[in-house]
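S.K.: Respectively, the protein sequence lines represent chains Z and F. According to the numbering used here, the stretch in the first sequence is residues 1 to 294, in order. According to the numbering used here, the stretch in the second sequence is residues 295 to 477, in order.
Worth flagging that the hints you see were computed from the coordinates, not collected in a lab. Since this is a predicted model, take the numbers as computed values, not measurements. Ideal Cβ positions, reconstructed from N, Cα and C, are used throughout, including at glycine. Do not take every clue at face value.
To be verified - With beta-carbon atoms standing in for the labels, derived distance ranges:
#1 GLU346(F) x LYS44(Z): 41 to 49 Å
#2 GLN415(F) x PRO210(Z): 33 to 41 Å
#3 SER45(Z) x ALA475(F): 30 to 38 Å
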Amino acid sequence: MSKPLHELLQELPTTNVTTTVLKGLDYLVPGEWQNITSLEEMIKSVTGEEDQALIQQIGDRAVMLYNDSGQGYQRAVDIYQLVDHIGAGAGAASLAHQAGESFKILSFLDKVTPKPDTAQAVDAAVKFVAEMAAFCYSSGLPGDSVGDFAASLVNSAKEDSIRFAAWLSFDCIIPLGPDFLSALLGKVSEISEGELGENSRFAKIAEYLPGGLSEKKALVTSTLDASRGHIETFVADKGMSRESLIDRIKGYVDVADAKLDTVAAVLDLTTNYFEHTGIQSVARRLVSRAYGEI
Amino acid sequence: MRSTFRRSRPFARLTKALVFAVFASSLLGAGCKKESRWDQAAATTTSEARAEAREEAGLPPVAEVKQTKGAAFNTLFPGDGTDGYKRVFTQEKEGFAEAKLQKDGKDVATLSLSDAVNDDQAKNKFATATDKVDSYPLITVGKNQSALLVNGRYQVKVSSQSLDAAARKTLLSKFDLSGVARL
């Protein structure tokens with residue numbers, strides 16, 4: 001039985017490594033992400049309402065909708081949590097424990113083996129697929145076409161937009177460089193039935209998408225294609241590059257001369273931005289629906 | 295020999311400490327959890343809560359009617375570009391569809407269409423409506439939401455933290471309300 005919605009929010013840390021790195025990305029989506037960790041604050045953020053009786057009514061509906069496992073919201077939270085938990089390995093817990101609000105990355109250098117590019121590309125694809133799957137479960141398939149679906153992904157705001165910025169920064173540009181989209185598209189198109197078994201992280205997430213392997217690959221590549229223009233514009237407009245991102249990270253993390261792929265690996269192990277902001281996104285969608293239905 | 299027996303003060307203190315320790319650990323063992331305003335809702339779902347409400351009101355139980363799928367609602371929203379807004383669909387669930395309106399990349403309003411066929415509380419709030427759009431009762435909910443009820447079943451809503459009631463009413467009229475009535 002899943003934890004109730006309000007508890008999921010309450011248990012999100014108000015400050016930790018994840019919130020520190022996310023705040024560091026605020027310049028990419030200014031003011032969009034506020035670390036909301038209570039249902040009442042989420043209701044106020046979504047609706048602007050302050051009447052406590054109305055807030056109670058909206059929150060009750062949101063909590064009840066989440067409670068109904070047939071609605072898909074619990075599955076969406078499962079997916080966001082799965083991405084950050086699987087494949088992290090035994091080292092993750094101790095690293096996360098050692099990491100404080102401003103952690104010294106140098107102390108982790110000898111504990112982290114950077115992943116090869118192909119594995120990085122798969123991990124970036126895993127997160128993109130996870131986002132699509134979680135979105136399908138929590139929001140349905142809004143509109144009537146892949147275009148509408150991609151539009152709702154790319155016209156994101158709030159927690160969705162900081163998660164998108166973090167994915168681009170930590171999972172795409174820092175580990176894979178400026179040609180990350182080609183690397184992603186190339187890797188997804190290459191994935192075979194055999195590989196699905198080998199890369200258990202991808203397999204675990206891909207099972208949440210509809211259809212057989214070829215349908216899953218087609219859905220992912222068509223959505224990546226439909227989002228391509230927006231992604232490229234976003235990266236260009238914000239001047240996102242490996243160098244500029246590392247410069248920013250240096251503002252709150254001591255990376256010294258650590259290699260880029262080590263930085264990427266350590267951030268991957270010590271943060272859970274997908275789970276953290278994913279829970280907030282699901283809560284926001286629930287509150288919006290509750291407000292619309294009452 | 296003078297009796298050296300006195301009530302043993304160290305022993306009494308130890309006993310008190312033991313009693314306190316047992317009490318405190320029983321609280322911890324019980325997983326002493328703070329009560330929350332959401333606890334009642336957390337123990338139920340919408341259909342269960344409705345059934346319970348009917349029972350408490352002395353009403354006979356009714357089978358829930360299957361709601362119209364959200365996909366049927368999409369073509370009834372104001373079109374993309376209406377009044378200069380970009381329309382982005384955001385949710386589509388059983389009995390519910392939602393879109394947001396954006397201007398200059400910023401969210402301005404949320405539009406929604408929902409099937410309230412099983413939701414007496416949602417429908418009943420329109421009983422005191424004094425305004426209308428076309429022939430459908432119009433009310434405001436809280437500070438930031440305007441709602442219509444079409445054919446006593448479908449709620450059409452505009453929610454916005456920046457648009458006033460008059461602007462929200464205008465947006466409501468841009469839905470295909472006769473299409474909603476034909477659902």
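S.K.: Now look at each hint and say whether the structure bears it out.
M.R.: Each hint, compared with the structure:
{"no.": "1", "hint": "GLU346(F) x LYS44(Z): 41 to 49 Å", "verdict": "28 Å, violated"}
{"no.": "2", "hint": "GLN415(F) x PRO210(Z): 33 to 41 Å", "verdict": "35 Å, holds"}
{"no.": "3", "hint": "SER45(Z) x ALA475(F): 30 to 38 Å", "verdict": "34 Å, holds"}
Hint check: a violation occurs at hint 1 only; the rest are consistent with the structure.
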